[in-house]
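**Student:** Order-wise, the sequence lines are chains A and B. Just so it is clear: in the first sequence, position 213 is 213 by the working numbering, and no numbers are missing. Just so it is clear: in the second sequence, position 179 is 179 by the working numbering, and no numbers are missing.
Keep in mind that a hint or two might mislead.
Straight-line Cα separation of at most 30 Å, DSBU-like style, residue types lysine-lysine; simulated pairs [unchecked claim]: (1) A/K218 with B/K139; (2) B/K139 with A/K192; (3) A/K304 with B/K122; (4) B/K104 with B/K122; (5) A/K304 with B/K134; (6) B/K134 with B/K188.
From the derived model, a few chain A residues whose C-beta atoms are all more than 12 Å from chain B [to be verified]: (7) A16; (8) K93; (9) L155; (10) G167.
Everything labelled a hint here was simulated from the structure, so no lab data went into it. It should be emphasised that the depicted structure is a prediction, and the values quoted were computed from it without experimental measurement. Ideal placement from N, C-alpha and C gives every residue a C-beta, glycine not left out.
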Amino acid sequence: MKTFLAVLTVVAAIAAFWYAACVPMNIKSVLNTAARAGEVVVPADSKARRDAGETGLVFRNTGHIAATWAEERPRLPAPHQVAAELWSTTVDKKITSKRSLVYHGWVTLSATLLGFAIGTGLGILLAVGIVHSKVMDMSVMPWAIVSQTVPIIALAPMIIVVLYSIGIQGIIPKAVISAYLSFFPVVVGMVKGLRSPDAMQLDLLRTYNASTGQGFWKLRLPASMPYLFASLKIGIAASLVGAIVGELPTGAVAGLGARLLAGSYYGQTVQIWSALFAAAILAACLVAFLGLLERLILRRMGEKA
Amino acid sequence: MKSESITRTVIEARSLDLTFQTNDGPVHALKDVNLDISQGDFVSFIGPSGCGKTTFLRCIAALETPTGGSLSVNGMTPDEARRNRAYGYVFQAAGLYPWRTIAKNIKLPLEIMGYSRSEQEKRVQDVLELVDLKGFGQKFPWQLSGGMQQRASIARALSFDADILLMDEPFGALDEIVRDHLNEELLKLWARTGKTIGFVTHSIPEAVYLSTRIVVMSPRPGRITDVIESPLPKERPLDIRDTPEFIEVAHRVREGLRAGHGA
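Produce the complete structure using the sequences and hints provided.
**Tutor:** Structure below.
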């Protein structure tokens, strides 16, 4: 109960900060609209308002504060506006509608999941190779690290163009970008995990004359599970980012990235923010699902309850 | 255990040398070690840190490779003996897999060695009984005390029924009371199975209480300074430690350790 209250307090503080931030952010356009409608605003001159500071305007026009939370195209939409947009574009719209966030969310999610599967598979394979071969350790690991220093936003268009030129388009290029981001945490985590058994554990297997394969399946792989799940949680969030970034350069018509892009073309800030929140909620759900899976599997592996 | 049959030598070391190359220069871990261990012997290795007692045990297990001299286990090279699964090894830490139950931990070597399922089950039950852990097979390691975990690790080493049991300070991390109890149990187990046991320890009472022979070692370079044949009977209740014979042997071990240290 105490923690619940504490968590609630934090959420309330964030919301309060957000509402407060909306006031100065939106005050100028609110005053302009009001002035055009013939209401009294201070100062009345639009040029003077343009040059005035936001904070001062707020204090001189306290009567217009409420309007900063209800604009149609605010610079910064208020939380309830974003929530209302989320509600109307998910629950109230048919999911087949081009304006449904569920539809767009699924487009992004499918690319995310495919990319995540590819990235995880590739990451595990590379980790197994790196742990078992010194050559791979020295040749692959540096490239894996370098690959993550290239900004994905610069690389994504090239991946899409190259794949398009060999006739691959649709979900695959997005999934490739997604995989590109998600394989790295899996490689790092799995290498660490597969190497986690100590010298004594390896000596013990040696006294049984166990093969490398037996050592892998019976010791290294199970020992790496906690590390794998930590990596997967980072990997799936990175996958989602990758899929969204993959939707931007093509000017895709569907997907959360497309919603972001369309929103920014038309100044639909509420749409941008609701797409952002949809992405965040989706990521949270994916991570939570992995957390659940982790608990389930580690519990079966005898972890202390 | 004496006159029943001709005692066979199972472990034979002749002028064994082992030098580790480290960044600080070569370290002479073993120098001119000569030792015969006969079948059914309980041999303890005692000495201060760095005297090579663990290294010698690891050489027998082919976990280290000597740089000179000869070493044979069951008439084979240590590595051949390892491949033939000639010994079970118990480390200082129990090293049970936390994701396996006690029974499945004991099955680990059996799975690796390709025993049939029914044989695995049977052997697990047998060794669990042998180490007095019957009924704990389905528990996970964290549900057991440190002493019970170490018993499980001994059961694991016994499960494939190798003739030799190598134990590297197996009770070093346990408290005195648990250690006494496990020492008693180990002697019973040894009497029942007739295995040859190599046992590394820091503790003089433990070495004297358990062994038929005590090998006293000293460091820099690691070498054997004394080999003491124990005059104690095979039946050893815990209070044998208060008898003059016991104190006499313990005294001789202490003398040997002191002499090795002075040199």
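**Student:** Take the hints in turn and mark each one as holding or not.
**Tutor:** Here is how each hint holds up against the structure:
1. A/K218 with B/K139: holds (19 Å)
2. B/K139 with A/K192: holds (28 Å)
3. A/K304 with B/K122: holds (28 Å)
4. B/K104 with B/K122: Holds - the C-alpha atoms of B/K122 and B/K104 are around 12 Å apart, at most 30 Å.
5. A/K304 with B/K134: holds (22 Å)
6. B/K134 with B/K188: holds (16 Å)
7. A16: A/A16 clear of chain B: closest Cβ-Cβ about 45 Å, beyond 12 Å.
8. K93: holds (46 Å)
9. L155: holds (39 Å)
10. G167: holds (46 Å)
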